[in-house]
Amino acid sequence: MPYFRGVCNFCGTGCGHLLRVEGNRVRGVYPLSGHPLSRGRLCVRGWHIHELLQTEDRISQPLIKDGSSFKPVSYEEALDYVVERVKKLPGRQVAVLGSPRASNEENYLLGKFARAILKTNNLSLSSDAGQEESARVLLEGCGWPAMTGTLAELRQADFILVVGGDLTKQNPIIASEIHHAHRAGTFLATISPRKTQMARLSQLHLRPKPGTIFYLLQGLARVLVEEKAIDDDYLSTFTVNSQTFLEELKQVEIEKIVEATGISREQMTGLARKLKESNSACAFYPTGVQSLDRRTMAALFNLFLLAGKIGRRGSGVNPVTGISNLLGSYDMGLSPVFLPGYASVEDELAWERLENFWQTKLDRWSGKNVDTCLSEGEDIKALFVVDHDEEIIRHVNRIRQLDLIVYFGAYENPFASLAHVIFPRTSYVEEEGTYTNSERRVQLVLKRIEPPAGVRPLWKTLTNLAQALGHDWNYHSVENIMSEISQLVPYYRSLTYEKLKARLGLKWPNDDLHPEGTDCLLVEEASRRFRFVQVNGQEKKLAGEPEVQKDFPFKLVVGRSNYFWHQNSVMKRTFIPKREYNALLLLYPRGFVEISKEDASRLGLREKQVVRIVAESAEVRLAARISGDILPGMLYIPYFIDEMIPEFLHRQVADLEKNEEFFLPVRLEKVV
Amino acid sequence: MYWLTKEQLPLLVQKLAEEYKIFGPRHDRVSGEVIFDHLPDLSELDLQAAIPYNPPKFILFPHYEEILKYRYQPETKKVRIEQLNLLEPKALIGLRSCDLTGLLCLDRFFLDQEYVDEFYLAHRKKLFIVSNTCIRPFPQCFCVCTDSGPAAREGFDLDLTFTGRDYLVEAGSKKGQALVEELNLVEADPESLNLRKQIIDDSVSSFDRFALENKAWISRATNRLTTGFIKPEVWEYIGNQCFECGACSFVCPTCSCFNIEDANLASGETSRLRTWDSCSFEGYTKMAGDHNPRKPVEDRRNKRFFCKLSYSQSKKYLRPGCVGCGRCARVCPGDIGLPNVVTYIRREITGESGE
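Residue numbers (the numbering used here), protein chains in the order written: chain A, 1 to 672; chain B, 1001 to 1355.
By construction, these hints were calculated from the structure, which means they are not laboratory data. We treat Cβ as the ideally placed atom computed from N, Cα and C, and that holds for glycine. Please note that a few of the clues may not be correct.
[Stated by the list, open to error] Reference excerpt, derived from the structure (chain B facing chain A, CB under 7 angstroms, subset only): (1) 1035; (2) 1053; (3) 1245; (4) 1290; (5) 1330.
[What the hints assert, rightly or not] In silico lysine-lysine, DSS-like type, Cα no more than 30 angstroms apart, as pairs: (6) B:1069 to A:572; (7) A:578 to B:1069; (8) B:1303 to A:578.
[As the list claims (entries may be wrong)] A short, non-exhaustive set of chain B residues, derived as facing chain A with CB atoms under 8 angstroms: (9) 1063; (10) 1243; (11) 1282.
Working from the sequences, and respecting the hints, build out all of it.
Structure, rendered in structure tokens:
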């Protein structure tokens, strides 16, 4: 059978690929050279997506918990089970966890199900920490919640700054675009404490101490002012609060920043000058599981605004999403703070619009994300989860106390065993759907194979549940849902399946003014004004840093790597990426912690020597892996939960997973 | 040599379709991409299409293939093995000479050594190959540097050369000759031989104008690699840019490395799978007891080029393991496809500055 065109579903790059379908099986994959973004490239994950789609670990029928195991039931029985239990619960006692891998249509419907039927505003995604902050920072700064430029333009930039994370691992093909730009002459700088591959590919690598990127970016802004490299005309024409910002910036003392970050004034000046001299400058930072914190994103935006790089073609600040439909899931309002289309939950008019549109009364109380729901108080009694990525497993004890857990998933998953009811769902090539990548490109994935017999797509199951709870949604196809989305989400106004079928995606906003999508909206409106994003006093304080303490002299940071991506729940179902994962894991069966060469030799540590990492209230034993990639004083644990990060991190630091700027003060002891 | 008119081409394809599953280049309408693909709809075959982004390797050596199925019966302690029939007659129409050369390299690996790979053989046995001369090179091509084009010299059943309107046909096998006779093709006069030569010469001399993406001075690099005098810094520079995706191996018409996995099926059977593998992966050379002769990425990278240009393919097959198709250069996220690597090696030889 032939190759079929499609879109990779792993990270937020959204590369084009060809799937080789034989019978009803996906038997191979090949990059699509005509794709405007990936231009014929795939990363190690993308090259093995067919292995994932082969897996036999499917959930193939509805299941209800029966003692310690599950019994297969009909859809009707499973629906009845849920309806009976959920209709008694007030919305405040229910939380809904969506999946950033699910399509726009599925996530839109899940949000509608939560708000309109379950009457809960407790809804969020797993792995969403950074994306929400990023959208809020950008909305405040420029009224626009996502990448201000496009990926296709980045090869034209003459200055690129990558901050935090490791794009070569999280979004390899975007990193490849950046690398190509650099090879063609673009100045490329990376700011990250770790010597990542992105850093190795850069001309300049600034390595601030963990947790100090914010100060470094403030320092760069301060240096721009000192160098008199500010365009006052630009600031007075395009920004509204530059005076306040400049006034506050005066309080930033370079000496203190040099001390805090370990970066010299000369290095800062060098980079600031390059930024100022550039015609078009882009910044990239990862969002998703691993991301920057709010203040650092704000400082980065402010730096670029101060340098006059916002609202110019080929320039801008660009968040890069780590998971296929992370951005789209937010576009659909799967968040406690945004309604569909980024309307604020504080906007009464938006609520009324939604009520009219959905023909039902909605509750306005302010919802929380699922993580917060589970870690605070005992209010939550029921949890609805789609395709969980093993992340909230750290709340496992709390989850076990819940009265009702409903799981919707395509693949078997350790989380599913906690559920009371399990609904199977189709995988991403078994049903149509759209996915929105980092650069706002909405791409349609068509159905290429039949799901296992009897398995319904998520939208059908949700529609059935809605029906059973007294709401007739009347959807006959996924396309119906998209036409509803296009009426409700302004950015998706003129998107249709017909249009998407004939194109390799369209970048939102896609409306009457932009029938072919939009590259950079900010340059279109001459009247648009930008704001320097507020960073509150608490966030700003140097003294507020968790000081390196005498008892806990090391800063422990967690990060991600190619094969250990997403706690491996996905990669485990492949062969080659799994082998690579095992290759490393077998060397360090109890996990490892990276330590710098300098510290290792000071402490007299050998490679693979077992050490104890002690934090304030917990400790763990791991093998030492001596690395030239991390700074003295820093320890690094790659991020793959089940095998590597035991109870220690589950209990200790939910925040460690949220952003790489966060670290845990620990001490390291030899095990004798 | 014979003449095949434009009008006769569909007849030829039709004739082959009676006996073989037809593969050939087609266009994807939305992306414009040329894909070498199975063609249930024969009218999709486009012999004028550019070189396909995928080599025909997947037809003989699939990305993911079940090669054996067995069931273990615990009660009887017996294993029942199911024989799979992979034999299926296939015709590859419009193969470019680089890809045909790649296929012949695969033949040498899978068939011409002590161990004959029966799965590859099953795919290869009933194959009909129609090659297609490149009357003009494509931007990424450098087959003239690797002695693999722009026209085929061996390995085909029929070879086509487009002359502007019709095709000159050369039969390369008895099967091919029989088909020519069955179709009653007109025999070409001796001048036509010169015409074919002229077309190929023109193609070769137009590389300077059209094939501008890559240059690969393979022979100098082979020489240098074979004598082993390349500074470690050069490999380190190359290794730093490797994203470890495996794409260079997957798209290479001559790369033959594979992995074997046994996957347990829900039915209780076990499926033995053969999948593509790549020397760029750390797990590829990993051995028991925590040994890995090629652990650092730069060592894995140089392994690839030693294999292509020195000990494995070049010394054993007496030709480079590269056919000059330029695919690895386009697919590589790190921009270290073979032509660039050859350039870095050459720069080291000549002492040119630069990267």
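Quick rundown of the hints versus the structure:
1. Among the interface hints, the one on residue 1035 of chain B holds; its C-beta lies about 5 angstroms from the nearest C-beta in chain A, closer than the 7 angstroms criterion.
2. For residue 1053 of chain B, the shortest C-beta to C-beta distance to chain A is roughly 4 angstroms, which falls under 7 angstroms, so the interface hint holds.
3. With a least beta-carbon distance of about 5 angstroms to chain A, the hint placing residue 1245 of chain B at the interface is held under the 7 angstroms criterion.
4. Using the Cβ-Cβ criterion of 7 angstroms, the hint placing residue 1290 of chain B at the interface with chain A is satisfied: the shortest such distance is roughly 6 angstroms.
5. A cut of 7 angstroms between beta carbons decides the hint on residue 1330 of chain B: the least distance to chain A is about 5 angstroms, and the hint holds.
6. At most 30 angstroms may separate the alpha-carbon atoms for a hinted pair to count; residue 1069 of chain B and residue 572 of chain A meet this at roughly 22 angstroms.
7. Under the criterion of a C-alpha separation no larger than 30 angstroms, the hint pairing residue 578 of chain A with residue 1069 of chain B is consistent with the structure, at around 22 angstroms.
8. Distance check on the hinted pair: residue 1303 of chain B and residue 578 of chain A sit about 22 angstroms apart at the alpha-carbon level, within 30 angstroms; holds.
9. Hint on residue 1063 of chain B holds. Least Cβ distance to chain A is approximately 3 angstroms, under the 8 angstroms limit.
10. Given hint, residue 1243 of chain B at the interface with chain A, holds; its Cβ is 5 angstroms from that chain's nearest Cβ, closer than 8 angstroms.
11. A cut of 8 angstroms between beta carbons decides the hint on residue 1282 of chain B: the least distance to chain A is about 5 angstroms, and the hint holds.
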